[in-house]
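Undergrad: Listed below, chain by chain, are the residues.
Protein chains: 2
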Amino acid sequence: MRKILVIGSGKSTSFLIKYLLDKSESENLYITIGDINIENAKKLIGNHKNATAITLDVFNEISRIEAIKNTDIVVSMLPARFHIEVAKNCIQYKKHMVTASYISPEMQALNDDAKANGLVLMNEIGVDPGIDHMSAMQVLDSIRDKGGNVILFESFTGGLVAPESDNNLWNYKFTWNPRNVVVAGQGSAAKFLQEGTYKYIPYNRLFRRTEFLEVDGFGRFEVYANRDSLKYQSVYGLDNIKTLYRGTMRRVGFSRAWNIFVTLGMTDDSYTIEDSENMSYRDFVNAFLTYSPTDSVELKLRHALKIDQDDIVWDKLVELDIFNANKRVELKKATPAQILQKILMDSWTLEENDKDMLVMYHKFGYELNGKKHQIDATMVTLGDDQTYTAMAKTVGLPVAIATLAILNKKITTPGVQMPITKEVYQPILKELKDFGIQFNEKEVPYLGYNPLNN
Amino acid sequence: MRKILVIGSGKSTSFLIKYLLDKSESENLYITIGDINIENAKKLIGNHKNATAITLDVFNEISRIEAIKNTDIVVSMLPARFHIEVAKNCIQYKKHMVTASYISPEMQALNDDAKANGLVLMNEIGVDPGIDHMSAMQVLDSIRDKGGNVILFESFTGGLVAPESDNNLWNYKFTWNPRNVVVAGQGSAAKFLQEGTYKYIPYNRLFRRTEFLEVDGFGRFEVYANRDSLKYQSVYGLDNIKTLYRGTMRRVGFSRAWNIFVTLGMTDDSYTIEDSENMSYRDFVNAFLTYSPTDSVELKLRHALKIDQDDIVWDKLVELDIFNANKRVELKKATPAQILQKILMDSWTLEENDKDMLVMYHKFGYELNGKKHQIDATMVTLGDDQTYTAMAKTVGLPVAIATLAILNKKITTPGVQMPITKEVYQPILKELKDFGIQFNEKEVPYLGYNPLNN
Chain A
1 MRKILVIGSG
11 KSTSFLIKYL
21 LDKSESENLY
31 ITIGDINIEN
41 AKKLIGNHKN
51 ATAITLDVFN
61 EISRIEAIKN
71 TDIVVSMLPA
81 RFHIEVAKNC
91 IQYKKHMVTA
101 SYISPEMQAL
111 NDDAKANGLV
121 LMNEIGVDPG
131 IDHMSAMQVL
141 DSIRDKGGNV
151 ILFESFTGGL
161 VAPESDNNLW
171 NYKFTWNPRN
181 VVVAGQGSAA
191 KFLQEGTYKY
201 IPYNRLFRRT
211 EFLEVDGFGR
221 FEVYANRDSL
231 KYQSVYGLDN
241 IKTLYRGTMR
251 RVGFSRAWNI
261 FVTLGMTDDS
271 YTIEDSENMS
281 YRDFVNAFLT
291 YSPTDSVELK
301 LRHALKIDQD
311 DIVWDKLVEL
321 DIFNANKRVE
331 LKKATPAQIL
341 QKILMDSWTL
351 EENDKDMLVM
361 YHKFGYELNG
371 KKHQIDATMV
381 TLGDDQTYTA
391 MAKTVGLPVA
401 IATLAILNKK
411 ITTPGVQMPI
421 TKEVYQPILK
431 ELKDFGIQFN
441 EKEVPYLGYN
451 PLNN
Chain B
1 MRKILVIGSG
11 KSTSFLIKYL
21 LDKSESENLY
31 ITIGDINIEN
41 AKKLIGNHKN
51 ATAITLDVFN
61 EISRIEAIKN
71 TDIVVSMLPA
81 RFHIEVAKNC
91 IQYKKHMVTA
101 SYISPEMQAL
111 NDDAKANGLV
121 LMNEIGVDPG
131 IDHMSAMQVL
141 DSIRDKGGNV
151 ILFESFTGGL
161 VAPESDNNLW
171 NYKFTWNPRN
181 VVVAGQGSAA
191 KFLQEGTYKY
201 IPYNRLFRRT
211 EFLEVDGFGR
221 FEVYANRDSL
231 KYQSVYGLDN
241 IKTLYRGTMR
251 RVGFSRAWNI
261 FVTLGMTDDS
271 YTIEDSENMS
281 YRDFVNAFLT
291 YSPTDSVELK
301 LRHALKIDQD
311 DIVWDKLVEL
321 DIFNANKRVE
331 LKKATPAQIL
341 QKILMDSWTL
351 EENDKDMLVM
361 YHKFGYELNG
371 KKHQIDATMV
381 TLGDDQTYTA
391 MAKTVGLPVA
401 IATLAILNKK
411 ITTPGVQMPI
421 TKEVYQPILK
431 ELKDFGIQFN
441 EKEVPYLGYN
451 PLNN
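One line per chain: the protein sequences are A and B, in this order. The first sequence begins at 1 in my numbering and counts up one residue at a time. The second sequence begins at 1 in my numbering and counts up one residue at a time.
These are calculated hints, taken from the structure and not from any lab test. Among the hints, erroneous ones may be present.
The list treats identical chains as one, so a pair stands whether inside a single copy or across any two.
DSSO-like, lysine-lysine: derived pairs with alpha carbons at most 27 Å apart [what the hints assert, rightly or not]: (1) LYS242 / LYS327; (2) LYS327 / LYS94; (3) LYS300 / LYS242; (4) LYS333 / LYS242; (5) LYS23 / LYS442; (6) LYS23 / LYS11; (7) LYS430 / LYS410; (8) LYS333 / LYS231; (9) LYS332 / LYS242; (10) LYS409 / LYS327; (11) LYS231 / LYS3; (12) LYS11 / LYS433; (13) LYS410 / LYS146; (14) LYS422 / LYS355; (15) LYS242 / LYS3; (16) LYS355 / LYS410; (17) LYS332 / LYS231.
Quick caveat: nothing in here was measured; it's all calculated off a predicted structure.
Turn these sequences into a full structure, and let the hints guide you.
TA: Spelled out as structure tokens, the structure:
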């Protein structure tokens, strides 16, 4: 039997493991799942005969090497910062490796060694990064294959709550790491290209510079810009492109309300609040407002941010119960961002029967024979339940399919890779369709980046 | 003769050197001024017989030690980061030392050595830090001496243009390091205490949370909060204080207009703008606004920031000529802050006959015999001309007076010091009066921090 070692069995591994188990008979696979805590792995395996869960501390070099030596390929589903030691062992013991994480400089540094040993170290093959790379490159290559010149590429992804479970005013629940949502966009300004001009949006304006998108059957969304839209400009072969913009999708109205937290300073993760442990939610809000012996926290906030009493953003704040004087923060030496995260988790944690949704939207503008064209490609994936989420599906299935394709020598180009070549994206995108992960492409009039045309 | 070595002869040394020269006969002093460029030192010395200018590269250990060995006391007027090697040599060769800079952790680390050798390493004895410490401690000590309990301390300093030279809409010109003005307030949130509650203001709100102050004969000012108002809480003996707030003074209206730069992202110093060298001022502004094939930069800015066409802040922007399409930035790989600084220096550089102004305002609230009291203390110093500026006066004179007092063994407490003890502040504040640097103290009704009372 061919042996696959999956390290990590967190929330995003359910579909990955299910896929491998379902293929284990026909493909002659034996799957070992290693984690420091094997509860979830056991649950995912059930009593399948072609799999086992082992306790594996990835920081224990001896047991890590032992596990890696005894497999044919390694899938690391650990947080990104834990991949590198695994990757070094993979090279040492000549094993292929697959991750869904961004290629770190340390990982990239293994490229020569991987090539020299004929090993595939495939990364960024989940979703954002992953399916976005593959679906974008497929359309970009097809445009270029027919002689087109790409002048615009915009790409947006959102991890959201499914419409049927969407029951709060923010139209949002946490489906990915809550912390990443709270600190999203911080650091230096968001940078992108619009019609040949570099544009910069500082954090305090990021959530006020949104744009709208429509997805057939799912209505309207808004997007705010990612920090670095230009990250894949060269990798995608878009060095001469006029417009390059990547962003994050939310339901319309989220960003305007979120900007209240940004403006007040509640998303700041760079310092700790005095005596945060004993604060009420109300105290927390008040810490960002002027002192007054008489005025209420509510009125001070409304006045500071000029919020009318009948503005829906006000209801959004109230819905989060942030003015509650009895709920305690309870976190010691917490940053504003940590406290805000806790407050939001009270309201935005998925409930048992909630389903999540993964939405992706690409726009491709190109010139062909002197005419301008545009293709819009959209994809929506819904979760089945709290285990088999849209997130786990879109992250785990491409990882699983790539793993088997490498084992079967359908993906063979050695080195530290990401899924941007036909060798990789064609078979994977094709198979993803069987699981309902499919892009809806349509030709639309070329709009460029002109608000007047929209 | 007693020998004094002054290292550095920049803009803030004119009064320092003049004071020492004027005292050189009666006090039997010989002053050596060392700088890498001795042009300015020569000009300041003229043909005075008790002084000489020497070329001194502070990074050249041999000549640095040679100069320090041959003196009785060292005054370092270099930028703060260059003090430490001088300070180490001072300890090595048993010389006292005076600086106007904040005590760095490296400087503080020399405290034990300084004490063991009976050396005074006096720091923070210019202005902000310096005169603010001394004038505050004098009043705080007098309140405590009469049995009062200090419940409020607010302290504000502004380096501004003198009223007679105040001829632009911002009522501001650069009198200190322009770079510090452009990046002021950045980093984590401003933190202070109001009526027993910790308050936090994020950078994007800092210039919208101002307060007003009146100075007799000079009209109205506004203040915005410093990053860390609590820095001297313990040093000043204010651990149980209810309100502690330090800030920077500007003329009213400055901050509201400045906030436009903050909001657009033009003060960001954390990344560089693409092709900044070839940008016009107009291009720079446009980089922070949405793309439009038709709308003007002016209208886009007005719309983004909701500025009415008859709002004075608009005239302030126009006055700076930032919409000029012909003026070029010319700076290679410049950050937004560097570009903004250049644009502002076109308008805000002091002209030959311009005079500057240094303003300081302290509020002291205290309880005595069950009653609440308040003392407001203000100080305004005007510059004489572009050499003998208010800045050079308020920085240089306390340094000079302290230097002579140490030489004359009137200030003797050894160690890494700042001017917060009576031994230091009493004689210095007394002598500063002879130069017109004097606080105007008055009892006012205790207002606390209650906007309704103001």
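Undergrad: If you check each hint against the structure, which ones fail?
TA: 2, 5, 10, 11, 14, 15, 16
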